[in-house]
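Protein sequence lines correspond, in order, to chains A and B. Taking the numbering used here, I'd label the letters of the first sequence as residues 58 to 286. Taking the numbering used here, I'd label the letters of the second sequence as residues 1147 to 1407.
Simulated from the structure, these hints should not be mistaken for laboratory data. Since the model is a prediction, treat every value here as computed from it, not as a measurement. We put the beta carbon where it would ideally sit given N, CA and C, even for glycine. Take the hints with a grain of salt, since some may be wrong.
Using 16 Å as the maximum straight-line C-alpha spacing, the simulated EDC-like pairs for lysine to aspartate or glutamate come out as follows [to be verified]:
#, chain 1, residue 1, chain 2, residue 2
1, B, K1272, B, D1292
2, A, K233, A, D106
3, B, K1344, A, D247
4, A, K233, B, D1253
5, B, K1258, B, D1235
6, B, K1374, B, D1394
Short derived list, chain B residues pointing at chain A, Cβ under 10 Å [as the list claims (entries may be wrong)]:
#, residue
7, R1225
8, K1290
9, L1337
10, R1339
11, L1364
12, A1369
13, E1398
14, V1403
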Amino acid sequence: MASVLVPEFERPGFSFENCQRNAFLQSKGFPVPKAVKTGTTIVGIIYKDGVILGADTRATEDVLISDKNCAKIHYLAPNMYCCGAGTAADTSKTTQLIASQLELHRLNTGRVVPVVTANRMLSQMLFRASLVLGGVDNTGPHLYCIYPHGSSDNVPYATMGSGSLAAMAVFESTWKPNMNEEEGKQLVRDAIASGIFNDLGSGSNVDVCVIRKGSVDYLRPFDQANVKG
Amino acid sequence: MACMSKGDWYSPVQFWRSGPSPGSLYSFPGVLTAENTRFSQRSQAPITTGTSVLGIAFDGGVAIAADVLCSYGSLARFRDCPRVMHVNDNIILGAGGDYADYQYLKDVIEQKILEEECLNDGFSLKPKALHCWLTRVMYNRRSKLDPFWNSFIVGGLQDNEPFLGTVDKLGTAYVDHHIATGYGAYMALPLMREAVEKNPNMTQKEAQKLLIKCLQVLYYRDARSYPKFQIATLTKEGVTVEGPLTLDQNWEVAHMVRDGV
């Protein structure tokens, strides 16, 4: 992949290169890769001073729990974090790739990277993952949800993953604009707990990440909802 | 009743006539198989459908709520279809799924109640009995591969205790204190569970408020829902079916949603 320092000139617009190959493969019976939704509840909200992201910590392999306490909130930049739902390898590698691109961007421009930059890069690198991207830049707090097929939404509160309906029910009934930090953290915890207790694909603990202008609190675990014994 | 016409004292009727023969596969009568559906077929898809139904048991009674929309696929076609019925002073019933199947069963249940009234013996149908009967009917239809494509919530007072049960098109039945069918199971049930955990002995007002809050969340997020709804409440004082009422909607959040980049 070309880096920012050694740019390769790319033709503008959508590249139709692979369309003929894909049509050929489909005619031969090769199945089109589907966006697989694996168990997770990830959420994000915008509050008064910034963004709060939350995630559960269960990683599943079909019906078996492979990791009871995995980290789903990934670092992108000092002012941006991203929660990932989907194949764990896809979410962590995609975010690491974009994190390095963002660092090069920051060094190249000498400025705090805007959140829209990460949004655009992540939506163009499609790897069957659903992401909730949050960050604070010079224009304020931003929250985006990025879908596996490449669309993204700029929203004040977002949920993704198999537990997203349970978490969204909590947001739709309790979210309000300009909450303070304590209320925001409690709301995020309640939404993730709703996903943990009502969705079988999500479980274990609640991780929370609070991003404000100039500082970040990565609270892992924020709430140990399912302590053994 | 089995007919014993062919038998008499000297040659009794065969004991196991036209039953399964040991060692071979038995073909159940009435089942739709590839053979008898070769030239005709029952449609397996629901046409005019209702979405989620919510039910909650509180201290002294039960409440069942549902919106008044019947969708024709993705068209919001009939915007005034009552989906909650008052069966008798002990039972209320809410239905989601195919509206035609609900209308048929509604007629059958109403006839049942009428016949019971005519007997005039002081006994009236109880909710557990209706729930059990409905379960058997639904399961038997599904076993013939011709289901009633519905999910019902039956609520009432059984021996002065609140009873709330559900049956779906497969004949799966269970009893609980808070039930939601359709999309409600994913969105309303987490909210109901949380509220009941915080407040196990709810009053009637609190229970009704909870159902309305859940319907509001469902209106925001279920693409086949509608802001007008009905809510039926049953206590020992009697049954009230309020509706159609309208949900409060708050779309202020739209100002904060900008176009995704």
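Verification of the supplied hints:
Among the hinted pairs, K1272(B) with D1292(B) is inconsistent with the structure: their alpha-carbon atoms are about 27 Å apart, more than 16 Å. Among the hinted pairs, K233(A) with D106(A) is consistent with the structure: their alpha-carbon atoms are about 14 Å apart, no more than 16 Å. A C-alpha spacing of about 13 Å is found between K1344(B) and D247(A), which places the hinted pair at or below 16 Å, so the restraint holds. Of the pairs offered as hints, the one joining K233(A) and D1253(B) is violated, with about 46 Å between alpha carbons and a cut-off of 16 Å exceeded.
Under the criterion of a C-alpha separation no larger than 16 Å, the hint pairing K1258(B) with D1235(B) is consistent with the structure, at around 14 Å. Proximity of K1374(B) to D1394(B) is assessed by CA-CA distance (about 10 Å); at most 16 Å being required, the pair is judged to hold. Interface restraint check for R1225(B): the shortest CB-CB distance to chain A comes to about 23 Å, outside 10 Å, so the restraint is violated. A cut of 10 Å between beta carbons decides the hint on K1290(B): the least distance to chain A is about 32 Å, and the hint is violated.
Against a cut-off of 10 Å between C-beta atoms, the interface hint on L1337(B) holds, since the closest Cβ of chain A lies about 5 Å away. Because the beta carbon of R1339(B) sits about 7 Å from the nearest beta carbon in chain A, less than 10 Å, this interface hint is met. For the restraint placing L1364(B) at the interface with chain A, the shortest Cβ-Cβ distance is roughly 8 Å, inside the 10 Å limit, so the hint holds. This hint is violated: A1369(B) has a C-beta 13 Å from the nearest C-beta of chain A, more than the 10 Å allowed.
Because the beta carbon of E1398(B) sits about 8 Å from the nearest beta carbon in chain A, less than 10 Å, this interface hint is met. The interface hint given for V1403(B) holds, since its Cβ lies 6 Å from the closest Cβ of chain A, which is under the 10 Å cut-off.
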